[in-house]
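All chains should be modelled from the sequences, with the hints used to inform the complete structure.
Protein chains in written order, with the UniProt record's numbering: chain A, 1 to 712; chain B, 1 to 115.
Accuracy of the hints is not assured; some may be wrong.
As the list claims (entries may be wrong) - Now the stretches of chain A that chain B is said to cover, found in silico as 3 or more residues with beta-carbon under 8 Å:
#, region
1, 296 to 307
2, 558 to 571
Unchecked claim - DSSO-like mimics (lysine-lysine), calculated; alpha carbons at most 27 Å apart, straight line:
#, chain 1, residue 1, chain 2, residue 2
3, A, K175, B, K63
4, B, K72, A, K175
5, B, K60, B, K44
6, A, K311, A, K230
7, B, K44, A, K175
Derived from the structure by calculation, the hints contain no laboratory data. For every residue, glycine included, the Cβ atom is placed at its ideal position computed from N, Cα and C.
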Amino acid sequence: MGPGRDEIWKGTDDEGQASCQARRGPLAYAKAPPAELYRAKDGGREELQDKESCTGGKEQGVAERGREREAEEAREEAAISMESCLTFLLEGAEQEAFVAARHFLGDHGGVQGRKEGARDRNEEMGESMLGGGALAALADERMGRRTRPGALSSLSPVTGPLAGGGGSKIGGKGKHYQFTEEGLQDVILRLLRDEMLSDEVLNRALDMMAHTPVAEAAVLLNTFWYEKIKEGKYVEAKAWLERALGGRSKASLRLVCVPINIANAHWVLVFADLVRNTVQEWDPASATGPLDPSRLKNVKDALEKFFGFEKLKRPPLALVPAPAGLPQQPDAVNCGVFVVIYLIQICFVREFTLILDPNDWPGRAVQDGGQGGEGGQEGGQTRLGGGPVADPPIAESARQLRGQGIATKLALVPPCMLRVSENDLLRYRLFLLALILHSQTSHLSRTDPVLLSFVSEKRRDWRMETDSLGAFPPTSTPLRSEHGVGGRGRGESDRKDMEMQRHLLLSLARDKSNDEAMQSLFLQAAMSLLNRFSSDGRIVFVSPCWYESLVAGNIRRSIAIMEKLSLANVEVLCLPIYHPGAGGWILARVSLLEEIKSIYLHGTHALGEAEHIFPFVERGLQALLEGHHKLHWRQLAQPLELVPHAHQVPVALVLLSMHILRKGPDARAPSGELTNNWGSSSMPGLRFDDQHTYFSAKVGILRWLLRHTSRA
Amino acid sequence: MKKTNPLYHSSSSTLANQARTMATVKTDTTATEPKSESITLRVKDQTGEETMFKVKKTTKMEKVFASYAGRKGVNVDSLRFLLDGQRIEKHQTSAELELEDEDQIDVMLEQLGGC
Chain A
1 MGPGRDEIWK
11 GTDDEGQASC
21 QARRGPLAYA
31 KAPPAELYRA
41 KDGGREELQD
51 KESCTGGKEQ
61 GVAERGRERE
71 AEEAREEAAI
81 SMESCLTFLL
91 EGAEQEAFVA
101 ARHFLGDHGG
111 VQGRKEGARD
121 RNEEMGESML
131 GGGALAALAD
141 ERMGRRTRPG
151 ALSSLSPVTG
161 PLAGGGGSKI
171 GGKGKHYQFT
181 EEGLQDVILR
191 LLRDEMLSDE
201 VLNRALDMMA
211 HTPVAEAAVL
221 LNTFWYEKIK
231 EGKYVEAKAW
241 LERALGGRSK
251 ASLRLVCVPI
261 NIANAHWVLV
271 FADLVRNTVQ
281 EWDPASATGP
291 LDPSRLKNVK
301 DALEKFFGFE
311 KLKRPPLALV
321 PAPAGLPQQP
331 DAVNCGVFVV
341 IYLIQICFVR
351 EFTLILDPND
361 WPGRAVQDGG
371 QGGEGGQEGG
381 QTRLGGGPVA
391 DPPIAESARQ
401 LRGQGIATKL
411 ALVPPCMLRV
421 SENDLLRYRL
431 FLLALILHSQ
441 TSHLSRTDPV
451 LLSFVSEKRR
461 DWRMETDSLG
471 AFPPTSTPLR
481 SEHGVGGRGR
491 GESDRKDMEM
501 QRHLLLSLAR
511 DKSNDEAMQS
521 LFLQAAMSLL
531 NRFSSDGRIV
541 FVSPCWYESL
551 VAGNIRRSIA
561 IMEKLSLANV
571 EVLCLPIYHP
581 GAGGWILARV
591 SLLEEIKSIY
601 LHGTHALGEA
611 EHIFPFVERG
621 LQALLEGHHK
631 LHWRQLAQPL
641 ELVPHAHQVP
651 VALVLLSMHI
661 LRKGPDARAP
671 SGELTNNWGS
681 SSMPGLRFDD
691 QHTYFSAKVG
701 ILRWLLRHTS
711 RA
Chain B
1 MKKTNPLYHS
11 SSSTLANQAR
21 TMATVKTDTT
31 ATEPKSESIT
41 LRVKDQTGEE
51 TMFKVKKTTK
61 MEKVFASYAG
71 RKGVNVDSLR
81 FLLDGQRIEK
91 HQTSAELELE
101 DEDQIDVMLE
111 QLGGC
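Put into structure tokens, the structure is as follows:
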């Protein structure tokens with residue numbers, strides 16, 4: 001490998017030998033895989049080395065011609081892989097996320113594989129990277145208890161056997177922090193409204209990401225770590241770092257991310273790349289680099305001390321500027337979102353970006369030459385202010401990289417920054433919300449298992465849709481109002497749908513009276529989702545628009561709504577109805593099972609006025625069920641338990657619908673009779689008069705809606 | 001509620017978990033169950049000021065949080081209590097957290113950022 005490095009020097013350094021000497025260190029480290037650095041100390045790292053040289057060999061032939069097309073394809077592939085990875089993550093399928101992440105962080109599977117389905121490819125990759133046994137072990141691990149990076153890394157070729165069993169005892173038993181109700185409410189509202197993000201949001205996002213196998217070679221510190229550093233409390237900061245390491249070896253680390261809060265007004269991300277021996281700051285509000293290099297310097301010093309750079313005779317971390325094209329916030333509220341985007345960028349697609357990152361080239365990565373504090377700071381400033389040094393031609397450097405056995409195909413890929421448009425910000429906010437809600441299980445346990453089963457159910461079928469993946473985070477939802485707006489352009493309609501989803505979730509999240517239109521929208525979404533869960537079609541959920549159009553005299557429209565549903569097997573119809581006279585929202589449950597068909601009304605009030613509902617429902621249904629048995633309607637009214645506030649009724653109706661779905665159309669009471677009572681007695685643990693239940697139901701439904709409406 | 005140490009200079013609290021500022025005062029006022037083992041926790045804020053809490057191992061941390069926030073006159077929701085950088089949850093107890101005598105809990109202020 002020595003000659004390769006020298007070549008780079010000849011090719012790139014046109015500034016004279018003196019500076020060459022000064023920068024030799026960082027260059028060598030920047031281009032050498034970490035295996036080399038620590039092989040003497042760590043036998044386990046050799047695997048990595050093998051893997052990388054292997055990659056190099058395989059890719060030899062691909063090369064020069066068609067480079068741009070290649071790059072474009074690779075870029076797309078990277079994007080798709082990241083999407084699948086994050087989607088898996090969101091779905092709670094960590095194993096798949098791991099495999100998907102491996103797919104683009106590690107070996108790259110060759111060009112042939114690209115045309116196949118992402119799923120096959122990922123699995124293939126998983127097999128080849130981990131070996132079948134390891135994958136199985138990984139699955140077992142998942143079955144047992146929640147895995148942590150430490151535990152996972154013992155299976156990965158990157159960290160080899162280093163992690164050992166040490167990972168399991170630190171880090172809060174692999175559990176995520178559970179918010180209090182107030183805390184969670186605040187987080188939800190912050191995300192849904194365009195508000196500044198608090199440490200809670202960022203730390204929970206970091207926590208979730210740190211628990212993914214993707215971050216196995218990374219430490220994602222929380223937002224308070226830098227506070228310790230700033231105060232000069234190195235001993236405590238060190239203890240935190242040790243704990244975040246969770247038993248992993250220091251040598252296995254490639255990345256340390258330090259999110260920093262500035263003056264309670266701004267978020268930036270500082271990270272140390274221990275492979276390339278650099279530290280940089282990505283600031284959502286400043287593309288030109290940090291105005292205040294002291295942050296970089298502080299982090300650098302602390303990490304060098306922690307990792308024992310001096311003892312290892314390792315050259316100090318080089319301060320480098322943020323790469324060109326770093327996405328910047330367009331406003332004054334979204335820097336927190338951008339820090340998360342950066343984290344995704346760094347943790348998930350980092351290998352793509354940084355290898356060919358022009359800023360990462362030796363010609364530009366000026367070493368922080370000073371030994372003392374002031375010297376270092378000066379070094380940083382000089383570099384940050386200094387003009388760019390000529391980058392070596394890409395092809396040339398790629399060749400040299402290949403010579404060193406570093407992922408060569410990647411070397412052909414130009415820097416691949418996530419592109420963030422204004423639309424995406426809301427997407428990321430929704431994604432963050434989904435991510436955070438995903439970790440909040442304690443609130444769900446307060447409601448009964450039915451909600452839990454709905455919320456935690458994984459949509460296995462989504463992988464079939466991988467080919468049609470849109471932009472990530474998932475393209476928003478088909479929550480178009482059935483009142484129909486039709487004929488919009490795609491970008492525009494995306495935007496509108498997303499806004500609608502936001503308003504929908506927001507109306508659910510905040511504790512205020514909602515307007516009836518918004519509640520109707522919420523119920524539309526919920527009913528159409530419930531239909532997806534009703535696999536045999538015996539229970540059918542109808543949009544509230546059905547009754548609305550009936551009342552409005554629009555019979556044709558109500559028929560059209562019914563026609564869209566598959567009613568071949570229908571035994572029970574659930575119809576949400578808005579009827580102000582009967583206290584707002586009512587769920588009409590129409591049972592077609594018995595000889596005598598029945599309508600049951602579930603509402604929160606005495607339903608005295610509900611009589612008016614029956615004629616409409618009957619008329620609507622008779623038109624629909626023409627040719628069936630003659631209908632004999634038995635009219636019953638059963639009030640739900642009192643829901644504390646009117647705005648909570650739609651949530652109660654959705655819960656009730658879930659229960660009906662779970663119980664099945666022919667649910668029977670112990671006496672053998674068909675169960676007609678869907679009140680509290682048949683729903684243990686669900687008390688609609690209880691604020692806490694309501695809150696947890698709200699969180700559960702939010703999570704459920706987010707997950708399942710986020711992709712058509 | 002006797003003062004056993006001249007260093008004690010904080011206003012007295014009615015809560016069972018007596019808070020003492022800048023002094024490791026140990027009184028027997030909180031020992032309602034002599035069998036239950038109690039420990040002293042140091043809650044350290046960002047300025048380095050430490051507040052001592054003598055708690056039973058089975059006491060939920062929620063009580064400590066509320067007591068601390070009450071002493072400082074801030075909303076408990078704006079405080080973050082951390083043990084070695086990990087958030088402590090309300091319902092956890094010292095025993096669950098494997099806290100020992102004189103262990104330090106960091107308290108941090110809420111952080112916000114937007115622009």
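In rising order, the numbers of the hints this structure does not comply with: Hints 1, 2, 4 contradicted; others consistent.
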